[in-house]
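A.B. asks: Chain by chain, the residues:
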Amino acid sequence: METKLLSQHYDKPEYVSLKGYLNLGGYEVLKRALKMEPKAIIDEVKASGLRGRGGAGFPTGTKWTFLPENGEPRYLLCNADEGEPGTFKDRIMLERAPHQLIEGMIISAFAVKSAKSYIYVRGEYQMCIRKLEKAIREAYDAGFLGKNILGSGFTHDMDVYSGAGAYICGEETGMISSLEGKKGQPKLKPPFPAVQGYLAKPTIVNNVETLAAVSLILRDGAAAYRKFGTEKSPGTKLFSVSGNVKKPGVYEVPLGYPLADLIQVECGGLDPGRRLKAVIPGGSSAPVLTAEEAMKATMDYECLQGMGTMLGSGAVIVIDDSNCMVDLLKVIMHFYHHESCGQCTPCREGTGWLHKIVHSIVSGEGRLQDVDLIPRVSRQMMGRTICALSDAAAMPAISFVEKFRDEFEFFVREGRSKVKGHLHA
Amino acid sequence: MPKVKLNGKEIEVKPGTMLIDAFKQAGEDIAHYCYHPGLPTAGVCRLCMVEIEGNPRMQIACNTVVTEGMSARNNSDKVKEAVRWGLNFHLINHPLDCPICDQAGECGLQDQYMKFGKYTPEMSEQKVKKRKVVSLGERVVLDSERCILCSRCVRFTSEITKTNELGIFNRGDHAEIGTFEDKPLNNNYSMNTVDICPVGALTSKDFRFRQRVWYLKDASSICTGCSTGCKIRVYYNEEGLFRIKPEHNPEVNGYWMCDKGRDIYKHVNPEARLQEARWGQVGNWQVKDIAEALREAGEAIRASVRDSHHSKVALVLTGQQTLEELTAAVKFFLSDLNSRDIYHWINNPEEMEKFDGLLFRGDRNPNTKGLLSLLASEKVSATWAQLEGKLNSHEIETLMVVGPEDPGVFPDLAAKLKLFAKAKRLVWLSSARVAAVDQVTTATWQIPLKSFFEKDGTLVNAQGRKQTLRKIATLIPAAVSVDQAVAVMSGREKAVPMGKFELNWKKTNFFVGERGSL
Amino acid sequence: MFELSREGIEFVKKEMTRYETKRSAVIPCLFRVQKENGGWVSPESIAYLAQLMDVPERWVQEVATFYTMFNKQPVGKYHVQVCCNISCAMAGGREMTDKICQSLGVEEGAVSKDRRYTVSRVECLGSCGTAPMMQVNDDYYENLSADKAVKILRELE
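Chains as they are written, first to last, in this note's numbering: chain S, 668 to 1092; chain D, 297 to 814; chain Y, 247 to 403.
By construction, these hints were calculated from the structure, which means they are not laboratory data. All values derive from a computational prediction rather than experimental measurement. One or more of the hints may lead you astray.
The calculated label-pair distances, taken between Cβ atoms and stated as ranges, are [stated by the list, open to error]:
{"id": "1", "chain 1": "S", "residue 1": "Glu1081", "chain 2": "D", "residue 2": "Pro352", "range": "40 to 48 Å"}
{"id": "2", "chain 1": "D", "residue 1": "Val361", "chain 2": "S", "residue 2": "Glu681", "range": "50 to 58 Å"}
{"id": "3", "chain 1": "D", "residue 1": "Arg380", "chain 2": "S", "residue 2": "Leu1035", "range": "46 to 54 Å"}
{"id": "4", "chain 1": "S", "residue 1": "Glu681", "chain 2": "Y", "residue 2": "Glu253", "range": "27 to 35 Å"}
{"id": "5", "chain 1": "Y", "residue 1": "Glu253", "chain 2": "S", "residue 2": "Glu969", "range": "50 to 58 Å"}
{"id": "6", "chain 1": "D", "residue 1": "Arg380", "chain 2": "S", "residue 2": "Gln675", "range": "20 to 28 Å"}
{"id": "7", "chain 1": "Y", "residue 1": "Glu253", "chain 2": "S", "residue 2": "Gly1082", "range": "38 to 46 Å"}
{"id": "8", "chain 1": "S", "residue 1": "Gly1082", "chain 2": "D", "residue 2": "Trp510", "range": "15 to 23 Å"}
Sample of chain S residues facing chain D (criterion: CB under 10 Å; computed from the structure) [to be verified]:
{"id": "9", "residue": "Lys686"}
{"id": "10", "residue": "Asn690"}
{"id": "11", "residue": "Pro705"}
{"id": "12", "residue": "Ile835"}
{"id": "13", "residue": "Lys856"}
{"id": "14", "residue": "Phe859"}
{"id": "15", "residue": "Val862"}
{"id": "16", "residue": "Asp928"}
Capping the alpha-carbon separation at 16 Å, the derived lysine to aspartate or glutamate pairs in EDC-like fashion look like this [as the list claims (entries may be wrong)]:
{"id": "17", "chain 1": "D", "residue 1": "Lys479", "chain 2": "Y", "residue 2": "Glu290"}
{"id": "18", "chain 1": "D", "residue 1": "Lys720", "chain 2": "D", "residue 2": "Glu534"}
{"id": "19", "chain 1": "S", "residue 1": "Lys868", "chain 2": "Y", "residue 2": "Glu388"}
{"id": "20", "chain 1": "D", "residue 1": "Lys541", "chain 2": "D", "residue 2": "Glu402"}
{"id": "21", "chain 1": "S", "residue 1": "Lys1085", "chain 2": "S", "residue 2": "Asp987"}
{"id": "22", "chain 1": "S", "residue 1": "Lys849", "chain 2": "Y", "residue 2": "Glu266"}
{"id": "23", "chain 1": "S", "residue 1": "Lys914", "chain 2": "S", "residue 2": "Glu669"}
{"id": "24", "chain 1": "D", "residue 1": "Lys501", "chain 2": "D", "residue 2": "Glu534"}
{"id": "25", "chain 1": "D", "residue 1": "Lys556", "chain 2": "D", "residue 2": "Glu647"}
{"id": "26", "chain 1": "D", "residue 1": "Lys513", "chain 2": "D", "residue 2": "Glu534"}
{"id": "27", "chain 1": "Y", "residue 1": "Lys260", "chain 2": "S", "residue 2": "Asp826"}
{"id": "28", "chain 1": "D", "residue 1": "Lys458", "chain 2": "Y", "residue 2": "Glu290"}
{"id": "29", "chain 1": "S", "residue 1": "Lys914", "chain 2": "Y", "residue 2": "Asp300"}
{"id": "30", "chain 1": "Y", "residue 1": "Lys323", "chain 2": "Y", "residue 2": "Glu388"}
{"id": "31", "chain 1": "D", "residue 1": "Lys796", "chain 2": "D", "residue 2": "Glu592"}
{"id": "32", "chain 1": "Y", "residue 1": "Lys318", "chain 2": "D", "residue 2": "Glu477"}
{"id": "33", "chain 1": "D", "residue 1": "Lys425", "chain 2": "D", "residue 2": "Glu402"}
{"id": "34", "chain 1": "D", "residue 1": "Lys374", "chain 2": "D", "residue 2": "Glu402"}
{"id": "35", "chain 1": "D", "residue 1": "Lys374", "chain 2": "D", "residue 2": "Asp393"}
{"id": "36", "chain 1": "D", "residue 1": "Lys305", "chain 2": "D", "residue 2": "Glu347"}
{"id": "37", "chain 1": "D", "residue 1": "Lys790", "chain 2": "D", "residue 2": "Glu588"}
{"id": "38", "chain 1": "D", "residue 1": "Lys376", "chain 2": "D", "residue 2": "Glu324"}
{"id": "39", "chain 1": "S", "residue 1": "Lys783", "chain 2": "Y", "residue 2": "Glu266"}
{"id": "40", "chain 1": "D", "residue 1": "Lys305", "chain 2": "D", "residue 2": "Asp325"}
Cβ atoms here follow ideal geometry from the backbone N, Cα and C, with glycine treated the same way.
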């Protein structure tokens, strides 16, 4: 069953405007939060067990404590560079509830003592940018932003920054580089952003959904938030479901929710006559699950990790038996080849190489040893680079070949897809 | 001082040392391309992988600061495999055009493949095509296909010269270094990008295709192109000198040198040199034995002093010779001739005090400081105006000039020679063959001097640092140093030790097993 | 010679002080240049912006060539970007791209003869639940079929 904590009012068009948001209880949490000690807010977020919703799932409260005690200026950046294939929940949040994010950000900024925040939105989301800019103006006019917010003595400025088309800017240090007006290339770590981030100043980067959830946690309390989800994955999460389901879309369910239910109940199942072949549970970077595995999976960090994959950004891509896995891997490898920023050699060269190998197979020019070469090359791309894009390309490649080896071998031997009726068959 | 254990070897390093430097200090091989001690860390080639005890993930040594008790290794199978694949990734799109590549023999890819690679390549697909033979201005040529995108050159132009010409454009495996719209990379430090390029992507227009590097010997020296006195490495063989690169000297030039300094080998090579002693004047020159020429010149100078109640000789010096040479000439005049007519020829007075903030100085002499301190200590205070007066009134009978080693930095050379010709006799000592000297209208001895490449001595740079020059080899057998010349001119010696052409080795002896650019 | 309009120059000046560093303004200003240059950034316009902002040309050039939203070639009045990433590919995005090109008589990536269209295949645009989709200039069109897409494109102003 859907559990709409964040998305409770997403179906109400008036929620976009300040007036509508206020009528539905908006900015009440901010008023309360500004009367709290910043540390108490951080403690509450820590107690809630909230984990970053962008992909890595790092505990948010812990991340905040990495900031040095003092040191001004410090920045809060909202990562709205949603680019992981299969993911579209942030877009829904920005389009339908810009004030929810802004409120969460002001509270978070207050907690981490930041006087300036940016929302970095992927450049293609022009509509979201316009809505956010309008909402920020409204928030300034209402005294929720700017000097001495609501008489609390806390001053905070917020701005929107548009990306320009680069998946890698979703990586937090790539985003920082981009915000600095450079190519969005990830920065060497250490130092970590909390110590030296934007303009080498302490910086916290959080995902849209994470920041929005902060006000929810303060509204109901950590204990109430923990009633949803599992011990290690508390709360609810927005899942973007796409692919071969009847009703794709964004669904908010408690973490730990069965994947089978998400597909069958929320999304209305597959098209008639189709069988489930595979599910990518956490965006295209996540290793694929076979139908059998998918039916046993629950949507939380620990279960998916246990199955060798990950929750990622919560992008569920449902794949039925009309699809050729070799063809889909080619699409995925094209993506990572296209998006590698090019600075680290194993990623720059590896993503291109993997794409070429899969392309050769799909073109009927594959060699039998290529089927093994894919995972071999992939393994050498993992854990070798500045950021995780290289791993993100390697993981699906390994899982596709290992779990659907027969399709790859068939393609190499026959020069065509094993899937009857497929484009490449 | 932190103690660390590297591949089981225990060493002590300075606090703050990077792990990669610690490995080098311990004498342990560590693969790398992008790391350069003179540049900010990029951490992109991912080759200097190490396993650090207590850390499950491999780390790059170039971005890891050594801590007390750290134990790291890069000789485990895990690291070796990672490095082997790292090289594999570097090479899959590299054109492997070593036979026509100038970097061959000193290429980081070749060296490290032999040391850490030796795998069988497995990529059967087409390589990425990129631009070749792109001219980047007067000195540098770019081959993008060879480039491994280590970003050293880009970091150099953004962080060292701050001129920002070079960038990496596009992304992924289509990324290419270059300048905006192929604008020329004509800053005075452009050749450092060639030096630090670990592969054959950036090559020198001046040097390329002129010699295979394994046919070159090399030796350390001091740049004489200006008063900074950068430490350099000279590359040469029996055909002469071919190129000059900087050598690390933290006190003077760090890792770099300027482009102008690269050219100093050109006036050292035999074709630019005064090869034998000569006597005569315009239209009538005879070759002389060097000792005979020096005896005659010395006799003429001494006669001008002996036969006169006041000094009819003068000595002109430049900041181009070593302190030992200048001292010998000054002593000759002060002691032997009892003359204080010693003058400093300043070749470019307007430029003398200029400095570009990095290395290059307007004073294009390696030893002006040495000369000035010598003259000061001997209380020689004659002015150039006094010399002009004496020459114009024909008071000078015999004028001795220790002329430039590099005539190129003496824009006033022809004008000054006209002035010098007002003396009745001229003793001209110079390593360079100067066409204007052949045109002088007064009786002249031309004495060939040794160049910086051929002599020992001391140079005092603009900071006042005494730097020692070491003889590398002899190119011009007849050439003498100023002190050798003075010894004969003063009558103390009858002959000079005859130099021997010393570059007469067989090419095969020059093979240099490994000359990396890392 | 490319030059920004007076408003464009005002915009650049404002952006240069909007962020903590001038360099941050490179991306927004380049968007402005692209808009005023007919949808793409030419070398000339890059040089112009670098001079206007007093920053090295390579800063602007690196940005222009790194991000896909900056077009390095001229584009038609309508830049049609069809997502062909996984969810869209599964929903026929690739076939839709071919169909659009065929119907409009334009080669992928090129400008149509009437200068109205450029059709490009692009990566995920965050519209996976409403696949296939296309972006025409700033606007998204979702839940498409090839026929629907062609119809929309033909009917554009």
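A.B. asks: For each hint, tell me whether it holds in the structure or not.
C.D. replies: How the hints compare with the structure:
no. : hint                             : verdict
1   : Glu1081/S / Pro352/D: 40 to 48 Å : holds (42 Å)
2   : Val361/D / Glu681/S: 50 to 58 Å  : holds (55 Å)
3   : Arg380/D / Leu1035/S: 46 to 54 Å : violated (23 Å)
4   : Glu681/S / Glu253/Y: 27 to 35 Å  : holds (34 Å)
5   : Glu253/Y / Glu969/S: 50 to 58 Å  : holds (55 Å)
6   : Arg380/D / Gln675/S: 20 to 28 Å  : violated (55 Å)
7   : Glu253/Y / Gly1082/S: 38 to 46 Å : violated (58 Å)
8   : Gly1082/S / Trp510/D: 15 to 23 Å : violated (48 Å)
9   : Lys686                           : violated (43 Å)
10  : Asn690                           : violated (46 Å)
11  : Pro705                           : violated (32 Å)
12  : Ile835                           : holds (8 Å)
13  : Lys856                           : holds (8 Å)
14  : Phe859                           : violated (12 Å)
15  : Val862                           : violated (14 Å)
16  : Asp928                           : violated (36 Å)
17  : Lys479/D / Glu290/Y              : holds (13 Å)
18  : Lys720/D / Glu534/D              : violated (40 Å)
19  : Lys868/S / Glu388/Y              : violated (41 Å)
20  : Lys541/D / Glu402/D              : holds (13 Å)
21  : Lys1085/S / Asp987/S             : holds (14 Å)
22  : Lys849/S / Glu266/Y              : holds (14 Å)
23  : Lys914/S / Glu669/S              : holds (14 Å)
24  : Lys501/D / Glu534/D              : violated (21 Å)
25  : Lys556/D / Glu647/D              : holds (15 Å)
26  : Lys513/D / Glu534/D              : holds (9 Å)
27  : Lys260/Y / Asp826/S              : holds (14 Å)
28  : Lys458/D / Glu290/Y              : violated (23 Å)
29  : Lys914/S / Asp300/Y              : violated (52 Å)
30  : Lys323/Y / Glu388/Y              : violated (20 Å)
31  : Lys796/D / Glu592/D              : violated (23 Å)
32  : Lys318/Y / Glu477/D              : holds (13 Å)
33  : Lys425/D / Glu402/D              : violated (24 Å)
34  : Lys374/D / Glu402/D              : violated (28 Å)
35  : Lys374/D / Asp393/D              : violated (31 Å)
36  : Lys305/D / Glu347/D              : holds (14 Å)
37  : Lys790/D / Glu588/D              : holds (9 Å)
38  : Lys376/D / Glu324/D              : holds (13 Å)
39  : Lys783/S / Glu266/Y              : holds (10 Å)
40  : Lys305/D / Asp325/D              : holds (13 Å)
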